[in-house]
Amino acid sequence: MEIHRFESVWVLVSIVLILGFIGTVTYGAVGIGIKMVDDAGGTIDDPANPATSDAFRDPGVYQTGQNEYEVYVVAQQFLFDPGTSQPIRLPANSRVTFHITSVDVIHGFEVSGTNINVMAIPGQIATITVDFDEPATYGIVCHEYCGAGHHSMEGRVEIVPQAEFDGGSQ
Amino acid sequence: MTFVEDYPKEARIVRWSFAVAFVALGIGGLFGLIQSLHRTGVFRGFVSSTDYYTVLTGHGVLLVLVFTTFFIAGLFTWAVTRSLDRNLSYGVALTWFSTMLLGTIMATVAILAGLVPNSGISADVLFTFYAPLQAHPIFYIGAVFIIVGSWIAGYNYFQAYWGWRKENQGERIPLQTFMVLMTFLMWYLSSIGVAVEVLAFLIPWSLGLIQTVDPLLTRTLFWYFGHPVVYFWLLPAYVIWYTVLPKLSGGRLLSDPLARVVFVLFLLLSTPTGFHHQYVDPGIPEGFKFIAMTNTMFLLLPSLLTAFTVVASMEHGARQRGGEGRLNWLRSLPWDDPAFVGISLAGLMFAAGGFSGMVNAGMNLNYLIHNTIWVPGHFHLTVGTAFALTAMAVTYWLFPQITGKRLRFRGLALVQPYLWFIGMTLMSNAMHRGGLAGLPRRTAEPLYQDTGAALFTPIIGTIAEMQFQIAIGGTLLFISLLLFLIVVGATWLSARGGTLAVDGHIPTPLSGAENGPLILDNLKVWTVIAILLVALTYFLPLWGMLADGILAPGSPVFPV
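As given, the protein sequences belong to chains A and B, one line each in that order.
Quick note: the first sequence uses the numbering used here, first residue 1, plus one each step.
Quick note: the second sequence uses the numbering used here, first residue 1, plus one each step.
Derived by calculation from the structure, the hints in this document are not laboratory data.
Here the structure is a predicted model, which is why all the values come from computation and not from measurement.
Keep in mind that a hint or two might mislead.
Interface residues of chain B toward chain A, partial, derived using beta-carbon atoms under 7 Å [said to hold, decoys possible]:
id : residue
1  : L126
2  : H370
3  : S511
Even for Gly, the Cβ is constructed at its ideal location relative to N, Cα and C.
Use the sequences and the hints to build the structure in full.
Next up, the structure:
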């Protein structure tokens, strides 16, 4: 098979480019430690009642360490609990693990301006850990079509100074 | 002799397929215009925000299921007949055409009934129809008919190939037929996923025969099909880029064997990549996502090879036409030929779409852009331009050959691809930037209701400016689409006669098939390897989802 010299060079450059991409993704995963959402969150046998599962608690914010918090969020048509009727309040300089599930259809859970961007799937728990360094207000948006009122499904995350934080919602 | 004179029955099947495709394109395009004005807030008078999702479902299904499948089936009917120089079975052709048409009518009725108050029928589940949102059963049954019809179309092509093979032992498969067969082998392998999802789960569930389905399992089966389906759209564009574009440029394809290598790579790598649509799904171990990521990255290789061959073939053509210099040859290309202009601009936009696709493939980068409007920004460059604009442009060249009629309104036809290019540049650029700011896709009202755009932080520009560009871009695209439909409609309605301005001859490549190893034509070997790769990628994760029960964790029905 004849392959022109330029084309051989092009193929070589292409393969280097592809290996480079795989390298950067691998570095992100192993070097920087950006973990993908996976099956570690566990499953829920009765998707409509997540708190009956050992892997999920009543929705809310729980302090689990000095600067460590766990947040359990239920997505449902067309609100986040907590998040929509009352914002998710957390202190600055905290490490927060979100546990997210849905009790009806598939939803999305995106906190714009952060790395939090996961799917909320009935029966599955999405778990993601992030650091909040500064006080700020973020919007939560459902980014998966979930029914007629999808565009109204939103919420807030409020990061407040440590001094103003009044503990978890529990 | 034109195609319609040599093969009148096949030409009729191509015409009918194109007719359905273009009607779907017109309606789907109108829905696109409504969306681009509604979600940007420029004009909300067409539909309510609730009915927006009916329109969005129609846009998706009519364009990426109906327009694509019918156009591809028609195009491949031409390509196989022409390159084998033999008839296809007319009975089989009528069977697939009517099966696909029946499915299209069922699915379309189910979707559009959503706009009729109290119709009791609705299918506002979007093109991805994730359970447990549930559509009316006739939507799912219609989708099955479209897919099964496309399988019968594949049989039509294979049957012709087998007949040709009997009479041509030891010959190389003609290039266009080889490409069609590889595309369909990939399609058979990948559409099994959606067939199982719909037949085993969604139809029985929508009829009330089973009470629950596992949302993650059905979603995974969808994406088993949902990524390769984009190659089912793209490879027909590649068929044109490899076989028609070099001719329109004034030259010939550089290398037949390398074109075959590219299609073999697509058969092998298209399917074991679906998890890259589920990078941020819970319930799927990270390792499987990583494997899908590497497969996806290697899938860049055949597209990068294509970029080289296509540009080199264009340069060869330009030099045949007297072009000279390092880049000056670009001026010698036929920039006044609508078919050439549309196909080459589609290829150029596909390069941009390829770059945003590389970002999509980057596993951990997905946290940044997943389900943001970046994603539709990406696929309007790929299926929405690389495929759609190529399809429209090649129609300017092909339509006279299948109708025996001279192309009307050639001036409008020439404006059309340039207008599409400008409209898509505006819309897609703004969509990509909006996605980086976190603007969600698939919503009637993307902004937060009480604080507006303030919670989104664009890197460059403002949210308002992006919204405006999306609306302008969508409007230009719709005008471009109208021009296309006027040209095709006027040509179709005109009288036969006069001399055709096109010639359907496709010159042989500079390096012919005989220079490639024989194994390239061994369909069995590549099929077996492709199946093995799919098994390696999907067996363990699917087993993990099935181990707790096929229907568990189970979700009941949530009608739309």
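Any hints from earlier that this structure breaks? Give me their numbers in increasing order, please.
-> Structure breaks no hint.
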